[in-house]
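Q: Each protein sequence line maps, in turn, to chains A and E.
Take 1 as the starting number for the first sequence in this note's numbering and just add one per residue.
Take 1 as the starting number for the second sequence in this note's numbering and just add one per residue.
Treat the hints with caution; some may be incorrect.
Stated by the list, open to error - Subject to a maximum C-alpha distance of 16 Å in a straight line, what follows is the list of computed EDC-like cross-link-like pairs (lysine to aspartate or glutamate):
1) A:K42 <-> E:D38
2) A:K22 <-> A:E39
3) A:K42 <-> A:D84
4) A:K37 <-> A:E2
5) A:K37 <-> E:E101
6) A:K37 <-> A:D49
To be verified - Coverage of chain A stretches by chain E, computed from C-beta distances (three or more under 8 Å per stretch; other residues unrestricted):
7) 44 to 50
8) 103 to 113
Unchecked claim - From chain E, some residues computed to sit far from chain A (all C-beta separations above 12 Å):
9) M41
10) L45
11) K70
It is worth saying that the hints were derived from the structure and are not from the lab.
No residue lacks a Cβ here, since even glycine has one placed at the ideal position from N, Cα and C.
Here is how the chains run, residue by residue.
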Amino acid sequence: GENVEQHPSTLSVQEGDSAVIKCTYSDSASNYFPWYKQELGKGPQLIIDIRSNVGEKKDQRIAVTLNKTAKHFSLHITETQPEDSAVYFCAASRAGGSYIPTFGRGTSLIVHP
Amino acid sequence: NAGVTQTPKFRVLKTGQSMTLLCAQDMNHEYMYWYRQDPGMGLRLIHYSVGEGTTAKGEVPDGYNVSRLKKQNFLLGLESAAPSQTSVYFCASSWTTKNTEAFFGQGTRLTVV
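The task is simple: from the sequences and hints, build the whole structure.
A: See below:
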């Protein structure tokens with residue numbers, strides 16, 4: 001089955017700095033890579049996703065990059081703000097099967113004002 | 001549009017007691033999932049369903065049972081609760097025709113004493 005590794009487990013930055021979270025996956029057939037943000041006391045919510053036919057995708061201050069050859073993808077947050085503080089999860093899944101996503105263990109991002 | 005609703009939000013059980021967690025979605029999604037979230041372990045899949053009347057085991061199914069009698073509902077049962085089942089439980093749902101995001105409920109915090 002798919003295995004997703006996520007690093008770091010904790011990331012502390014100053015407001016205005018950039019933050020990068022990295023994930024690797026094992027199944028070369030995986031083709032959908034979403035990122036979820038979980039705020040305290042809430043369920044995870046999709047913030048951005050990327051499919052295997054795209055190398056990079058941006059949405060305002062967040063971007064995701066995908067390297068299919070190396071089987072890794074990353075979340076980039078620029079100009080971090082205190083409200084970006086949350087737990088972030090990466091996931092991977094593949095078409096043709098049961099579409100069940102496999103999640104990384106999460107990164108706790110802390111943005112200090 | 002309520003999305004994914006979990007009932008209850010909090011529960012305390014004594015060891016050996018049983019209970020059922022209810023998940024309801026109003027988006028006509030085919031796929032539904034139950035995850036547990038523990039510190040440092042991320043989201044681990046307990047059971048999932050790819051349609052009404054079908055269920056399958058995930059990564060950590062022992063001690064849990066599920067049923068999907070109606071498309072909009074996915075029930076998670078604990079027959080004899082153990083302290084190791086103290087966790088936050090999340091239900092999620094998604095479409096089946098292509099890889100798309102999973103929508104999560106707000107979670108159920110379960111404590112087994």
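Q: Tell me, which hint numbers fail for this structure?
A: 2, 4, 9, 10
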